[in-house]
Structures are given as C-alpha cells and as structure tokens.
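Heads up: the sequence lines are chains P and X, in that order. So the first sequence is numbered by the working numbering: it starts at 248 and just counts up by one. So the second sequence is numbered by the working numbering: it starts at 8 and just counts up by one.
One thing to keep in mind: the hints can contain errors.
[To be verified] List of simulated lysine-lysine pairs, DSSO-like, C-alpha gap at most 30 Å:
(1) P:Lys-513 / X:Lys-30
(2) P:Lys-711 / P:Lys-617
(3) P:Lys-617 / X:Lys-30
(4) P:Lys-617 / X:Lys-97
(5) P:Lys-634 / X:Lys-98
(6) P:Lys-634 / X:Lys-97
(7) P:Lys-513 / X:Lys-98
(8) X:Lys-30 / P:Lys-653
(9) P:Lys-617 / X:Lys-98
Keep in mind the hints are simulated off the structure, nothing from the lab. Just so we're clear, the structure is a prediction, and the values are computed from it rather than from any experiment.
Take a look at the letters that make up each chain.
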Amino acid sequence: MVDQVETLYLIASFLFILGLRGLTAAHTARRGLILAELGMVFAIWGTVIHPDIMANLEIAGFFQTYKWILLTFFIGSAIGIAISALIPMTRMPERIALSHAFGGLAAALVGVSEYYREQVIAGHMDHTTMAAIGFEVLFGGLTFTGSLMAFGKLSGLIPGRNITWPLQNQSNILMFGGTFVLLVLVTVDPSNQVLFYAMAAMPLLLGILFVAPIGGADMPVVITLLNSYAGLAASATGFALNNNVLIIAGAIDGASGFILSVVMSKAMNRSFRNVLFGAFGKVDEEDQAMAAAGGERVQEASVGDAAMLLSGAGSVIVCPGYGMAVAQAQHVVGELAEILEANGTQVRYAIHPVAGRMPGHMNVLLAEAKIPYTSLMELEEINEDFKNTDVALVVGANDVVNPAAKHNPASSIYGMPVLNADLARSCIVLKRSMRPGFAGIENELFFAPNTVLTFGDAKDTLTKVVEALS
Amino acid sequence: MLEIFLGLYIFMLAAFVGYGVIKGVPALLHTPLMAFTNAISGISLVGSLVAAGAHYNNVSTVLGAIAVLCATINVVGGFWITDRMLRMFKKQDPKADAAGDA
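Please build the complete structure, drawing on both the sequences and the hints.
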C-alpha cells in the first residue's frame, strides 16, 4: 500500500512541475493547468488510500471513515467554486489574499492536530518532527492572520493606509524573536504543552501586527510574500508528515512567492526591509486631498478635447493603473481601443509591474476586456517607444508615470523604473481629482507642457469619449 | 534522522526547480501564476485528509476536517479561477480564437 501511495505522489509531483512549465507561455498555460489538476487528482487518490485511513476503514467501515472527508470536501468545493466564479476580476487581489489565509489556516490546523495526536495522546514526539510542526504552525498562523489583514485592507473593511504606533518595528521584531525562542524551547522539550500553545498563538498576533503598518500600494509585495509563507507552511507540513509531494509543492509555491516579491520590490526600487519596516509615505492616495503645489498650473482638457486628440493620433499607448480597477474602466478602455483601431490608430498598453495591487493585475483586467495579450507590453518592451508615440493615455496611474523618479534625487520614488509617458508627443491623464499618489508627492507629469488632464471618474470620462468618437 | 535529510534534499532541489521554471513565467501571467501556485499549495489537503479520515482521536478529526474544508476551497477555487483567467487571455482575433479553443 505504501508503494502505491508513493507512486501516486511521484506522478503528482511530476505533473505539478510539468504544469507549471506550461505557464511560461500564454498559449500553453491552460494545458499546464490541466496537467496540474490531474496531478492534484493523483495526490488526493494517493491520500485516500493512505495506510492510516485504510486501517480505519477496516475497523469503522466506509461511512465512518470518509464521512468528514466527503462532507467537508463538498462544502469546500461549493464555497471555492462560488467565490471563484462570482468574484469580479477587479477584486482578484482580495481573492488571492483570502485564499492564502485559508492555506495558512489549513497548515496550522494540521500541525496542531499532529501535535495533539503524537504528543498529547501518544506521548512520544521526536525533536525533528516537533521542529517541523513548529515551523508549520508558525508560518501557517502568520500567513493566516497576515492574509486576513491584507484581505481587509484590500477590500476596504479596514483602513488601507499604514497604521503606525510608537516603537512599532522594535516591538514586532522582539515578538518575532520571542516566538522563535519558544519554537526552540518546544523543540527541545516537546512535552511542554503550554509552551507549544503559546508558540502557536504568537504568530497569529504577529501576522496582524506585521501587516498593519503596510499601506495599500505596497500590497503587491505583501501578497507575494504571504504567498511564499503559505508555501513554506505547506512544505513544513510535508516534513512533519514525511510526505514528499507536500514538500515539493510547498517549495514550488515558496519559490514562486519569493520570485514575485523580488520582482515587485525591484519595480518599486525598494528593498524588502524598506517595504516591511518602512511604513513608507504617511499619506495614502485615498486619504487626504492635497491642493496642487502653489503657482504651477495644470492644463485641463474637456472630454471633447481628449476625444479630438485621440482621434487625430496615429499611435496611442494606454498606461493603466489601480484607478482603472477602482473605476472598473477596463471594458470601456477596450471599446475605445476598438474604435481607434478601426480608424487605423495603433493602440498598445504599457503595463508597469506594480500597477494595481498585485503582480499582473492590469493584464488580467485588460484580458477580461477582450484585449489581445499581444498588445499588452511590459515596461522594458515598450518604454523606448513612447518618444515616437502620439498620445500616452494615463488611466488611473500616478507614481508609475512620474518622471521625477528619473531625474529628481530628492523624490522619494527616485530610481524606481517608470513608464516614459512624459516623452509621448502629448499625454492625456484621466484623474478623479488633484490628489497625490501613494507616495504623497506631486507628479511632475501633470504640469508638463504636453500634458492635459481630464478630471472625473475614468469610466464616465472614457464612456463619453467613446460616445463622442462613435 | 536520515528521513529529515532526505526531506531537506527534496526541498532544496524542488525549490531550485521551482525557481528555474517560474523565472520564465512572463509578467503577463503573474496573477494566474499566483492563483495556480495557490491551488497547488492547497496540497496541504493531503495532510488534512489523513487527519480527518484516520480517526486518531476526536480532536485530530475535527481539526483535520476544518483543514480539509479550507484546503479544498483553495484547490477547487484556485484551479477554477486560474482557468477563468486563462480563458480570457486571447491572441489577436478573440472570436476566431474562442472557436479554436473549444
């Protein structure tokens, strides 16, 4: 029986890696997904014939053995499908954060359950298993509450701005150190249950405290980091249960989260440390209206002016940002592009890696609006083309198009790679109002002589532009 | 003791393989990638299933059952939403492509 289980796990691991490989290109991605789904079927199949379950099957019978599994599996599937089928694409970051929370909770619960079985009931737990369970509970708990916090912030249930208090970083680090000491102590003496439960509870608090000071626009890094932790928690579960498919899948997930958080940090020109402990920028974009810097004037353009500029353009690059998601403007962007393209205008999209609230957020939204992915360009691919482009249309983006990042060392975003929207012959910025972006700094682009601003909700404005053009 | 080292070797190699493969995923697909790895990490379902089905004791069974619930939401929901996203990614002509895919 053990051989069969291991064979099925081996096939599952192979299919996971092969499936992941499919994701390296858009046209093979769905095939990869199907392979991974198949892998999951093998992994589950291998588990329901696990020797411990089979032993119970012989004693208790089919119904007693599988009743909880079947019940929770069906309820879980129903919830999973309901959430995934109904959630709008604009809310994807919240959806991902929530699922990290579930993943972390599942790992933490399995850890506690293992501890209870081997230590509390049977009274014999070796040190290595204890260490593995310790890490599992630590990462699981941290991921659980941290992701719930991220979910709350992204969905607006809790204020998205950075919540700070005195000696925040010091106390957080001290608590983290304390948790680690508890982990070591409980590894040395697994029989000390008080220590174990204290160690299991601490990460729950830590998750909340760590994410609280991080503001909305830094969420891409937080989500990717929690992605990584969820993977490490799954891997630790594998060590605790001597289950290789868990170790492998967890390691892959951990690596993926790690890569993405490096990509995100680089795109913001900031270190992990700065994102996690910086409580960067005291003003959040949703928070506080600030008047434009004294003296400088922006040029306002009416919807008609904007429509005229666009209809006269031979080439347009759209620069979307989080504002597009907030206004749900992706579909009308697609309609506009269709009209312009029918006129012979070339329309492309410049996607900054940190535009939106998670990696790839803008790509998914534009794909939803039926825009072919071949028109969605990465920053490096398209940045040289702005200077030969007639119109850059900025839809709800701010810091990612701020030229100050290129030449003003005094700016807090100096050094961050930005889209060269300022180099286009003219630039139309769609903005709700004259508010600074996340960094709380003025955007030079808005005051440039070749820039015009059209105020209002991006979706309304674009709808009117589309009406004017058609 | 040997088992833990074997596990560490597997972890190390899998992390490198994961790193190498995922490095090649274009930014275009980063959101589907997160949903995808999220579904795969729902593999902790495997651990939960044993806890819920082996009936070691009541506490383990209840904790295991809750864990199965959470992990299933991730596995089923994660694969579902990844598919929903990937179906939206079309090359040039959306209509011709949709027909070709079906």
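Pairwise hint evaluation, P:Lys-653 against X:Lys-30, where the allowed Cα distance is 30 Å at most: holds (27 Å)
Next pair to validate is P:Lys-617 with X:Lys-98; report whether the Cα-Cα distance is within 30 Å. With Cα atoms ~9 Å apart, P:Lys-617 and X:Lys-98 stay inside 30 Å; holds.
Pair hint outcome, P:Lys-711 versus P:Lys-617 [Cα-Cα no greater than 30 Å]: holds (20 Å)
Assess, step by step, whether the Cα of P:Lys-513 is no farther than 30 Å from the Cα of X:Lys-30, and give holds or violated. Given pair P:Lys-513, X:Lys-30 holds - Cα atoms ~14 Å apart, limit 30 Å.
Hint consistency between P:Lys-513 and X:Lys-98 [alpha-carbon to alpha-carbon, up to 30 Å]: holds (29 Å)
Under the criterion that the straight-line Cα-Cα distance not exceed 30 Å, is the pair P:Lys-617, X:Lys-30 satisfied? holds (27 Å)
Pair hint outcome, P:Lys-634 versus X:Lys-98 [Cα-Cα no greater than 30 Å]: holds (26 Å)
Pair hint P:Lys-617 and X:Lys-97, alpha-carbon separation not exceeding 30 Å: With Cα atoms ~7 Å apart, P:Lys-617 and X:Lys-97 stay inside 30 Å; holds.
For the pair supplied as a hint, P:Lys-634 and X:Lys-97, is the alpha-carbon distance within the 30 Å limit? The given pair, whose Cα atoms are some 28 Å apart, holds under the 30 Å limit.
In summary, this structure violates none of the numbered hints.
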